[in-house]
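**Q** Letter by letter, the chains look like this.
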Amino acid sequence: MRNVAILGVGQTNHARRRTDVSTIGLSREAVLRALEDADLTMDDIDSVVVCSGPVLFAAVNQPEKWLADAIGARNKPVVRVTSGGGTGLAGALAAVNQVRAGHANRVLVIAYDKLSEGALQYSISTLYDPFWGREFAVGIMGFSAAYWKSRMDLLGHSEEAAAMVSVKNHKNALLNPYAHVKKEITVEDVLNSKPLCWPIKLLDVPPISDGACAVILGSEDAAKKSENPAWIRGMAYYCEAENAAYRSMIQSEPLTIAAAKVYRQAGITNPRRQVDVVEVQEPYTCFELSYYEGLGLCPSGGAAELMASGATQIDGDIPVNPSGGCMGANPIGATALIRLAEVAQQVRGKAGAYQIEGAKVGLAQAGGGWANLRGVAVVSSEKG
Amino acid sequence: MNNTFTSGIGDDAVLEAQINLPYTLTTGKAAGTFLVALDQKIILGTTCEKCQKVIVPATDYCGACGGQNVGFLEMPHSGAITAVTKVDDKVFIFVHLDGADIDLLHIFHGDLSTAKVGARVTAKWPESVEVASRITSLDGFELAKDSAVGSSKPFTGTIEPISEMPYKLSLNYKHSYGPHYGRMFDELATNQRIIGSRCSACHNVLVPPREYCDICYAQTDLYKDVSDAGKLQAFSIINLEFVGQTRTPPYVYGEVVLDGSATRLIHNIGGFDITKAKEILTIGMQVKAVWRPKDQCKGTLDDIEYFQPVFE
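Chain order of the listed sequences is H and Z.
Here our numbering is used: position 309 in the first sequence is 419, and no number is missing along the way.
Here our numbering is used: position 70 in the second sequence is 81, and no number is missing along the way.
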């Protein structure tokens, strides 16, 4: 299979509400930064993949048309990939496949959401069957909280363990220049914060953000001109049936499948030892605990212990979300691509204040839909 | 599968649903300035710093080359029609304003037969507007035979742009029940009974009933009654308030696996002191449907008021 590398990445200065730019202006900011990082211009880009969350998050339909105009993508192939919260990684996979297939030498992936414009939980509730459950939906939060409660009882994912995730990610976000939530908090603050959908409390929840991320992927040939590319060593995005018989809500089946496939591609047999840095997409703190297990960083039921051990702290042996993860900023459609961009920056040695020293192998995770879409990627400073 | 309906929901029945979403759009600088300028009877364009094209309405970025647009141009109010159509009772035209490199879409005030391509037109301004700083602050265009060809000039005034604009989407849908949902909701309303469909291969009973099993991809072959009681698989206590919410917090969101089925049903858990939900509810406990009085059942999941814990 042809090698594919990340040549450049760019992020916006995320905010609760960016009133200085329109949606396309926001996305353009990330694109210009990625082009600058890769030392390229739009003339060098062969193909564009646009990613955003569920369309009702914004009031513009077919936004890729609007966006293509603003970045000079006219007369280039443009497709839009929409796959819920994980859409950024699904889009990156589409780009990887375009390069692998020889269709394009360099592909620009843009992922964004301007969540300040719409009614978030209401529009997420429209993911439910209109006949069957929509009237009871509490966005994705009611559902996520319900299965956290189950995992709490069955796997020991306690409120305290989740609170430690929040404290860790908030603290890490202080170092991230693109994050907009900059607040040091304690476990007690999280436990005492307002219950929204118990067990989910206010400080278990990431912010609602306006933001965009752009990543430029290229062939081995294109990477020759790049000083320090991050090589894609494995990438997968899997789906499970949303209301099939005996669907397991305790361990995510598509995450397990995606991780197994990607580890095989990347030659990883012991992720805890072989991976240097991890970025997971944690829409709520409870998911980070669940992903520790799904990604094989610890055994099933071992997440709370792993969290308490300090191993996933920025100075631990398997740092998770040194960027602050979603707690620093959560522009949903962009979030998965941000996770990929962050691990790319780590293995390129460009992660600034939260650089993990000597990081060579990075693991990114993404998820979307009704928790039924899960993606995993491994990047490395070495081609393999 | 063969369907016989006991009441009103037939094969061609539809569920009429509406999604009403409020938005606060962010205009960006150029559009925000353009809209305020219209209130002052000024039509603003911009020039691309890269390809020098003159774009109307003013936009932040050039659609031709992706360049940044710089400065504002005050456009003449005159131009020529380049395209025309009639939708319902309104005539829409594309107008090539004198000096512009792109056509502007707006309403033509006049008869369709007079809106010839190439005809000269001029801006028509409203006497008053309901809401300021909208595209409707320009009423449209009307014929201006033999009008002189104008030209753009740099805009030297100052305009404080708007940055946000309220907006609403009201979406009406007609969802088809299809063969299985019609029967299922009929059973709810008529017999206060919940049905699923059985997979011909794995024999799991799937609720709501469906044509194919999601796991085996084998056809389902039988409707099966399932119990209106089952196991509480997950729950959360809702205090969150949000736009579009159909229940008043606090309440309990629950997912129930009904006895005799293999899938999850989303509903509310109630009938107990909600302030003690954390102590009363346990994962795996038995819950049972509390039905509304039969004459109030309408063939929706709301015919069940909630699921109530069963204490043994």
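Treat the hints loosely; a few may be bogus.
Pairs of lysine-lysine, BS3-like flavour, derived with a Cα cap of 25 Å [to be verified]:
#, chain 1, residue 1, chain 2, residue 2
1, Z, Lys185, Z, Lys52
2, Z, Lys156, Z, Lys52
3, H, Lys175, Z, Lys289
4, Z, Lys289, H, Lys304
5, H, Lys493, H, Lys470
6, Z, Lys101, Z, Lys64
7, H, Lys470, H, Lys460
8, H, Lys281, H, Lys293
9, H, Lys292, H, Lys460
10, Z, Lys164, H, Lys186
11, Z, Lys156, Z, Lys97
12, Z, Lys242, Z, Lys287
13, Z, Lys179, H, Lys175
14, H, Lys304, Z, Lys287
15, Z, Lys101, Z, Lys179
16, Z, Lys242, Z, Lys40
17, Z, Lys309, Z, Lys299
18, Z, Lys156, Z, Lys61
19, H, Lys175, Z, Lys61
20, Z, Lys61, H, Lys186
21, H, Lys175, Z, Lys242
22, Z, Lys40, Z, Lys61
23, Z, Lys242, Z, Lys299
24, H, Lys293, H, Lys304
Sample of chain Z residues lacking proximity to chain H, with all beta carbon distances greater than 12 Å (derived) [as the list claims (entries may be wrong)]:
#, residue
25, Leu26
26, Leu36
27, Gly43
28, Thr70
29, Leu123
30, Glu138
31, Ser139
32, Ser158
33, Glu175
34, His214
35, Pro260
36, Asn279
37, Phe283
38, Asp313
Think of the hints as simulated: they come from the structure by calculation, not from any bench.
Yeah, the Cβ is synthetic: ideal placement off N, Cα and C, and Gly gets one too.
**Q** With reference to the structure, classify each hint as holding or not holding.
**A** A quick look at each hint next to the structure:
Between Z/Lys185 and Z/Lys52 the CA atoms are separated by roughly 43 Å; this puts the pair beyond 25 Å, and the hint is violated. In summary, the hint linking Z/Lys156 to Z/Lys52 is supported, as the alpha carbons are separated by about 21 Å, within the 25 Å threshold. Our distance criterion of 25 Å between C-alpha atoms is broken by H/Lys175 and Z/Lys289, whose separation comes to about 49 Å. For the given pair, Z/Lys289 sits about 15 Å from H/Lys304 by alpha-carbon distance, which is consistent with the 25 Å threshold.
Among the hinted pairs, H/Lys493 with H/Lys470 is consistent with the structure: their alpha-carbon atoms are about 11 Å apart, no more than 25 Å. Taking the CA atoms of Z/Lys101 and Z/Lys64, the gap is about 30 Å. The hint is violated against a cut of 25 Å. Of the supplied pair hints, the one linking H/Lys470 and H/Lys460 holds, its CA atoms being roughly 12 Å apart against a limit of 25 Å. For the hint pairing H/Lys281 with H/Lys293, the CA-to-CA distance comes to about 7 Å; that is within 25 Å, so the pair holds.
Note on H/Lys292 and H/Lys460: the hinted pairing holds, with a Cα-Cα distance of about 21 Å set against a maximum of 25 Å. For the hint pairing Z/Lys164 with H/Lys186, the CA-to-CA distance comes to about 34 Å; that exceeds 25 Å, so the pair is violated. With a C-alpha separation of about 21 Å, the suggested pair Z/Lys156 and Z/Lys97 falls inside the 25 Å cut-off, and the hint holds. Between Z/Lys242 and Z/Lys287, the direct Cα distance comes to roughly 19 Å. Compliance with the 25 Å bound is thereby established for this hinted pair.
Distance restraint check for Z/Lys179 and H/Lys175: the Cα-Cα separation of roughly 21 Å lies within the 25 Å cut-off, and the hinted pair is therefore satisfied. Distance check on the hinted pair: H/Lys304 and Z/Lys287 sit about 17 Å apart at the alpha-carbon level, within 25 Å; holds. Our distance criterion of 25 Å between C-alpha atoms is met by Z/Lys101 and Z/Lys179, whose separation comes to about 22 Å. Annotation: proposed proximity of Z/Lys242 to Z/Lys40 is violated, straight-line Cα distance about 55 Å (limit 25 Å).
A threshold of 25 Å between alpha carbons decides the hint, and for Z/Lys309 with Z/Lys299 the separation of about 20 Å falls inside it, so the pair holds. Proximity of Z/Lys156 to Z/Lys61 is assessed by CA-CA distance (about 35 Å); at most 25 Å being required, the pair is judged violated. The straight-line distance between the Cα atoms of H/Lys175 and Z/Lys61 is roughly 21 Å, inside the 25 Å bound, and the hint therefore holds. Distance hint between Z/Lys61 and H/Lys186 is fulfilled; the C-alpha atoms sit about 19 Å from each other, no more than 25 Å.
The suggested pairing of H/Lys175 with Z/Lys242 is violated, with an alpha-carbon distance near 48 Å, which exceeds 25 Å. Between Z/Lys40 and Z/Lys61, the direct Cα distance comes to roughly 19 Å. Compliance with the 25 Å bound is thereby established for this hinted pair. About 9 Å separates the Cα atoms of Z/Lys242 and Z/Lys299, which keeps this hinted pair within 25 Å; it holds. Annotation: proposed proximity of H/Lys293 to H/Lys304 holds, straight-line Cα distance about 17 Å (limit 25 Å).
The beta carbon of Z/Leu26 is not kept farther than 12 Å from every beta carbon of chain H, the shortest such distance being approximately 6 Å. The Cβ of Z/Leu36 sits about 6 Å from the closest Cβ of chain H, inside the 12 Å cut-off, so the non-interface label is violated. With a cut of 12 Å on Cβ distances, Z/Gly43 falls inside the contact zone with chain H, its closest approach being about 9 Å. At roughly 8 Å from the closest C-beta of chain H, the C-beta of Z/Thr70 falls inside 12 Å, breaking its exclusion from the interface.
In this structure Z/Leu123 is separated from chain H by more than 12 Å, as the shortest Cβ-Cβ distance comes to about 28 Å. Distance check for Z/Glu138 against chain H: the nearest CB is about 30 Å away, which clears 12 Å, and the non-interface claim stands. The claim that Z/Ser139 lies off the interface holds: its Cβ sits roughly 27 Å from the closest Cβ of chain H, which is beyond the 12 Å cut-off. Even its closest Cβ contact with chain H, about 31 Å, leaves Z/Ser158 beyond 12 Å, as expected for a residue assigned away from the interface.
For Z/Glu175, the shortest C-beta to C-beta distance to chain H comes to about 6 Å, within the 12 Å cut-off, and the non-interface label is violated. Interface exclusion of Z/His214 from chain H breaks down, the closest Cβ pair being 10 Å apart, not more than 12 Å. For Z/Pro260, the requirement that its beta carbon stay farther than 12 Å from each beta carbon of chain H is not met, with the minimum near 9 Å. For Z/Asn279, the non-interface assignment is contradicted: its Cβ lies about 6 Å from the closest Cβ of chain H, within the 12 Å cut-off.
Non-interface status of Z/Phe283 relative to chain H is upheld: no Cβ of that chain comes within 12 Å, the nearest being about 15 Å off. Under the 12 Å C-beta cut-off, the non-interface status given to Z/Asp313 relative to chain H is violated; the minimum distance is some 6 Å.
Checked against the numbered hints given earlier, the structure breaks hints 1, 3, 6, 10, 16, 18, 21, 25, 26, 27, 28, 33, 34, 35, 36, 38 and satisfies all the rest.
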